[in-house]
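There are 2 protein chains.
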Amino acid sequence: MLSAALADGSAHRRCTFEAFARRLPDGRRYGVVGGTGRMLDALERFRFGDPELAVVSKFLDERTVTWLSEYRFSGDIDGYREGELYFPGSPILSVRGTFAECVLLETLILSILNHDSAIAAAAARMVSAAAGRKLIEMGSRRAHEDSAVACSRAAYLAGFDATSNLEAVRRYGVPGAGTSAHSYTLLHTDADGPDEAAAFRGQVAALGVGTTLLVDTYDITEGVKTAIAVAGPELGGVRIDSGDLGVWARQVRDQLDDLGATKTKIVVSGDLDEYSIAALRAEPVDTYGVGTSVVTGSGAPTAGMVYKLVEVEGIPVEKRSSNKASRGGTKCAMRLARATGTIVEEVVYPAGSAEPDPGGLTAQPLMVPMVRGGVTEPGQPTLTQSRDLLAHGLVSLPWEGLKLSRGEAAVPTRFVGRDR
Amino acid sequence: MLSAALADGSAHRRCTFEAFARRLPDGRRYGVVGGTGRMLDALERFRFGDPELAVVSKFLDERTVTWLSEYRFSGDIDGYREGELYFPGSPILSVRGTFAECVLLETLILSILNHDSAIAAAAARMVSAAAGRKLIEMGSRRAHEDSAVACSRAAYLAGFDATSNLEAVRRYGVPGAGTSAHSYTLLHTDADGPDEAAAFRGQVAALGVGTTLLVDTYDITEGVKTAIAVAGPELGGVRIDSGDLGVWARQVRDQLDDLGATKTKIVVSGDLDEYSIAALRAEPVDTYGVGTSVVTGSGAPTAGMVYKLVEVEGIPVEKRSSNKASRGGTKCAMRLARATGTIVEEVVYPAGSAEPDPGGLTAQPLMVPMVRGGVTEPGQPTLTQSRDLLAHGLVSLPWEGLKLSRGEAAVPTRFVGRDR
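Line by line, the protein sequences give chains A and B. Counted from 1, the first sequence has number 231 at position 200 by my numbering; the numbering is strictly sequential. Counted from 1, the second sequence has number 310 at position 279 by my numbering; the numbering is strictly sequential.
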């Protein structure tokens, strides 16, 4: 494409590409923009060095290879802030520049946004389901080694409290947390058999009584008894990772209270997802450890966003064959809300035309400048700011929007035509 | 865990950890070991440098930080070769060394194996469904940016022919292939409207008549007509990305044949998975372009393998609480096959004990030495050798094993006890 467009001169035409989702995955009620910060960082580093050029020069003409060797995005990007909600058709990113410089960004932009948005959306549902209880992301083992780090970041964006992934602590400042594994308890086995108390003693000696002991390696009731015998009633927490978590949480709570450990927290883990988290809402659980379901997007591992050319030299363009129609033209978007803050509608309208009349509702503009002339605009939100933005966004949803069941988008998207 | 185990001395006990899958995901009939080569490479680089130590020194004692700064795996690993089939309970990796040096590898090993095995297993089903037709992996946009590169590699391992991910071409030598996008055709639009012929002319001028033209941007029948008018009947291929692909493939084949382009290939793409690939088996499709479904594991984005401590100082250990029992002890495995080559049973038995009697069947040992004293053994299979191994493995399955429907593992796994 690039080679052909450079040869016939069309590569230099001014274009707008738009990233958007045709639909929300899996009957979700809302989407969460995730990964924008990572994408802007990656964009600054997106160059073709000698190793990359060596590969493409095997099949590309010299002009194209030279162009790639000098590549640096010099265009503009506007878009939804990271942590913003989105709905079908929301113009999440608007990327403007020459065809050549914009088309090259498709995989970079979509890979990051599709991945991080999918994880953030799943995680946000778990945060709602947990209703204020703590959530620890523990899924690194079930995701690609580098994707896992981005998953920890996206889960934190969505409201998780901590991660067991130390690289996410290092790279993004996500708070770290973790408990021990069964292997640590099993390690304390000798010819006389298992010695759970020795394992607990070792952990308490190293980490203090504020630590969380894993009590389900052998027998949960015995494990709790041993844990309190070793650590005393000031023990920080116990983790249960198997069995009927609701039944065990109640039983362990009673047992802990009887032993005077009334402040010892109960952490549960083991194939939890938003549905099982919600199902445990009535039980005395303090913290959920979530693994596989959050790093795999709980049934929707990709957000399914696309990156489409919508305008060429000021002319709106769109694909016209069946089923996959896109809406041409560079767009803007705003969200209408009642005075109570509850959102009502997403309005997408042509860029450069007048803002549609909000009809008595409050209009919030959604697209902010991110890149100008290839340079990231100062003042992009931090991860914490994006986390706060999402927390506020979730509160603004109509109540149906927080339902876990499959259904329609929480608010409709209205497209205002160019001829309006 | 590490800190506590170093403090009480248990960190230095000799242990075996085993990576295995309790079950196959999503009713699959077989698993595919993927990522072993990547894992061995990552293991060689797995160190804690100053940036990592700076993070952990905030909460770890000095002894542990010093130990981490000197970390280098010095133990042994045996396991199933990359590209080997596996079944529930197959001891895919056996990792031996001190507790401390082995426990630290859990996330590294599982992240890579769980990810790559999930993608390879999904891709292998697509390869079977395609029944000899070509498959191009095009899913990078729907996966994390680095995971995407591993996905291309895993799809190639499973029998895909090529990838559109150039970094996978560079990093792993996967053959590259691709076609143009709708944006390239839409780019050729001016005040007089779209000019599909100009787009095709540009592509053919740059890439020759052997190229594949995307014909469904506007009207497929017109697109095919224009494509042949521009490129002539020697055109390499046309791609259809929307509509009822089976209906269009037949219609386009007839049209191409009528235009004398009898050798022009038909490439189809657009939300294909193993089921839709199989459903197109009777249609004149030459190549499938597969995206989202392969990079998301087609419903099973992680293989769900676990990494469990199974032996401490020669004593088998196992978790005993409900539902998650593991089988203690270091293990070996062999696969029994009939004289025809069709496999019958996976046999897992205690390492160091005599090989179970194959009872007239052919016994194939499954575990090979991978690491000795922390050093990767020479002669590990190349990606191409692993690809061949899997191709042979798929042929060895009983016919039910290749069914796409959900069901039981293709062959049972028999566990031979230690007291045998």
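Note that these hints are calculated values from the structure, not bench results. As the structure is a computational prediction, the values presented were derived from the model and not from experiment. All C-beta atoms in this analysis are idealised placements derived from N, C-alpha and C, irrespective of residue type, glycine included. Hints are supplied without guarantee of correctness; some may be wrong.
[What the hints assert, rightly or not] Pairwise CB distance ranges (calculated):
{"no.": "1", "chain 1": "B", "residue 1": "Glu314", "chain 2": "A", "residue 2": "Gly204", "range": "49 to 55 Å"}
{"no.": "2", "chain 1": "A", "residue 1": "Arg53", "chain 2": "B", "residue 2": "Gly438", "range": "32 to 38 Å"}
{"no.": "3", "chain 1": "B", "residue 1": "Ala228", "chain 2": "A", "residue 2": "Lys89", "range": "27 to 33 Å"}
{"no.": "4", "chain 1": "A", "residue 1": "Thr407", "chain 2": "B", "residue 2": "Asp57", "range": "49 to 55 Å"}
{"no.": "5", "chain 1": "A", "residue 1": "Asp57", "chain 2": "B", "residue 2": "Ala385", "range": "49 to 55 Å"}
{"no.": "6", "chain 1": "A", "residue 1": "Gly163", "chain 2": "B", "residue 2": "Arg351", "range": "47 to 53 Å"}
{"no.": "7", "chain 1": "A", "residue 1": "Ala385", "chain 2": "B", "residue 2": "Leu84", "range": "19 to 25 Å"}
{"no.": "8", "chain 1": "A", "residue 1": "Val406", "chain 2": "B", "residue 2": "Pro396", "range": "57 to 63 Å"}
{"no.": "9", "chain 1": "A", "residue 1": "Phe90", "chain 2": "B", "residue 2": "Arg94", "range": "50 to 56 Å"}
{"no.": "10", "chain 1": "A", "residue 1": "Gly291", "chain 2": "B", "residue 2": "Glu386", "range": "40 to 46 Å"}
{"no.": "11", "chain 1": "B", "residue 1": "Gln416", "chain 2": "A", "residue 2": "Gly345", "range": "51 to 57 Å"}
Outcome of the hint check:
{"no.": "1", "hint": "Glu314/B to Gly204/A: 49 to 55 Å", "result": "holds, 53 Å"}
{"no.": "2", "hint": "Arg53/A to Gly438/B: 32 to 38 Å", "result": "holds, 33 Å"}
{"no.": "3", "hint": "Ala228/B to Lys89/A: 27 to 33 Å", "result": "holds, 30 Å"}
{"no.": "4", "hint": "Thr407/A to Asp57/B: 49 to 55 Å", "result": "violated, 41 Å"}
{"no.": "5", "hint": "Asp57/A to Ala385/B: 49 to 55 Å", "result": "holds, 51 Å"}
{"no.": "6", "hint": "Gly163/A to Arg351/B: 47 to 53 Å", "result": "violated, 34 Å"}
{"no.": "7", "hint": "Ala385/A to Leu84/B: 19 to 25 Å", "result": "violated, 57 Å"}
{"no.": "8", "hint": "Val406/A to Pro396/B: 57 to 63 Å", "result": "holds, 59 Å"}
{"no.": "9", "hint": "Phe90/A to Arg94/B: 50 to 56 Å", "result": "holds, 54 Å"}
{"no.": "10", "hint": "Gly291/A to Glu386/B: 40 to 46 Å", "result": "violated, 55 Å"}
{"no.": "11", "hint": "Gln416/B to Gly345/A: 51 to 57 Å", "result": "holds, 54 Å"}
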